[in-house]
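2 protein chains.
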Amino acid sequence: MKTLDEYRIEIETALRALNLPGGKFANLYSPIEYAMSAGGKRIRPVLTLMTADAFGEKAPEAIKAALGLEIFHNFTLIHDDVMDKSEIRRGRTTVHKKYDENTAILSGDTMLTLATQYISDVPDEILRKVLNSFNEMAIKVYEGQQLDMDFEKRESIDLSDYIEMIERKTGSLLGTCAKIGAIIGGASDQDAEKMYEFGLQTGIAFQVQDDWLDTFGDPTTFGKSIGGDINNAKKTYLYVSALQQDGEIVKALKEAYRIPAGDVRVKAVTRLYEKLGIDESAKKAVNHFSSRALKAINGTSLPEEEKERFRKLAEKLIGRKK
Amino acid sequence: MKTLDEYRIEIETALRALNLPGGKFANLYSPIEYAMSAGGKRIRPVLTLMTADAFGEKAPEAIKAALGLEIFHNFTLIHDDVMDKSEIRRGRTTVHKKYDENTAILSGDTMLTLATQYISDVPDEILRKVLNSFNEMAIKVYEGQQLDMDFEKRESIDLSDYIEMIERKTGSLLGTCAKIGAIIGGASDQDAEKMYEFGLQTGIAFQVQDDWLDTFGDPTTFGKSIGGDINNAKKTYLYVSALQQDGEIVKALKEAYRIPAGDVRVKAVTRLYEKLGIDESAKKAVNHFSSRALKAINGTSLPEEEKERFRKLAEKLIGRKK
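These protein sequences, in sequence, are chains C and E.
Take the first sequence: its position 263, counted from the start at 1, is 263 in the numbering used here, and no numbers get skipped.
Take the second sequence: its position 181, counted from the start at 1, is 181 in the numbering used here, and no numbers get skipped.
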């Protein structure tokens, strides 16, 4: 069994060997190479390789599917960045800003088909299972993105709707990365579903934690600047939690958001969150979804030492940069 | 064996029964229903059903794959319309104009995954073959669209480059519709490839004919207004043919395009095309690619009466609205 870093290096090596066409099609494929070279933790394909190894020492057989899942993830980032008009991603210019919107749309489309080709590079007897998992996940991710866009225009959102959105948009991909790894590793259907649940709940916990970090994180370790979500008036777990309070508090929150973007607004909203105990309730939510992830991993037939590796992975992912 | 119209009605009936999710996901799926209800000849899925029947009376088994190919076609139209900023498609407001660009991007993405799900609804033993054909075709279509966008910015284009573009953008999908129908119908690999060739060459002939009709067609039967390509300065087969002439003629052509869009420009460019014999050379090109399509169909093991049905289909498609 390899370390997370060894898996990540395998992914990076395989990504550098993708060997996409150039020449007359350079305008289509260069943006894909640019997007895929941004680095990062590669947590999704690492989870696929790790699960394939845990169930059947099948990481080498899972590398193409793992790449496909990472390509899919990057396709969604490119199209999301167009939709959100984001200019920076992982410290670099986004694809539609570096090239143009048409390129971002078309190279993204190409990545979705490339991803499907890569995840299909599995033995015939599991092709349909893997393909179905992948396509069902993709639909969930689009539905999640649709809910996310809808929420940005809505005045009131239930906390359960918010959780459903991040479950689809973030959780289902992590769940599917684990599930496809499990299928390739030869896991039983029951174990594959438990691994899906592990990835899904870890993904939800990760996203709530990310929302928390954006306001309450340590600026020296968080990587992004603190308060970005407040300045961009993003509908986060914290914001949606505050919306559930009585009318006076919601009124105060909306007033705080009338302060122009900057430190004064960030401080005003943060103080309101603290007063409402939302920093604590968000942490509780992270623990709640983490526990569900741990319950899922404990329910698999994996030996204890393997379970422990997944617990540590979840801890590393969710408990990062406190 | 059914008539083209009977197949088309089967497709329309199946499309009406798609039963996409509504409710909280209406903003994602309504645009898909809108796009899919535009009607048209449904030539692509009809070709799939007809080929499946010709080789094995398997049209009922091919209906899902046929729908998948039609959904894929409409996905490309939606994203192309965003990229080209087109406002009208088949006499109706385009998706990104009726809704917005973000919706067009995300609903388009969803359609690509739905298409993949539909074409995968074939028996296990042919799943990989069908899926590979579909994915390879999709990549060709994106590459064709990229070339098309590149050409719009380029001063000089070879005629062979133009043909390669429409081969990818239009031909490969028709080829794949026939090929997947053949695979489902139980055709040999050789017959399936011949059917691909038939669809491919028919598609190229169709596109060159479409370019010709836009300038030289009969306004009472063409359906679109004559001269639209000239007014939009589109790089068509006619325009690219003129570019191959000597410098003086290219100069005259570019001068004619300096006339503001309208009847005067259309007449000036049309007269130049006629003077250069480009109306005749385009017709010859249509015949050239049609002959290749007929050669392909004649090379299959289909009985003569089946071959005749495909010849008539090509004739109807290419020779339309003269």
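To be clear, the hints were calculated from the coordinates, so they are not data collected in a lab.
No residue lacks a Cβ here, since even glycine has one placed at the ideal position from N, Cα and C.
One or more hints might be untrue.
[Stated by the list, open to error] Stretch-level coverage of chain C by chain E, calculated; a stretch enters the list once three of its residues show a Cβ under 8 Å from a Cβ in chain E:
1. 25-34
2. 86-98
3. 119-131
4. 192-203
We went through each hint and held it up to the structure:
1. 25-34: n = 3 at 8 Å, threshold three: holds.
2. 86-98: violated (count 0)
3. 119-131: holds (count 5)
4. 192-203: With 0 residues in contact (Cβ-Cβ under 8 Å with chain E), the coverage given for the region 192-203 of chain C is violated.
Going through the hint list in order, the structure does not satisfy hints 2, 4.
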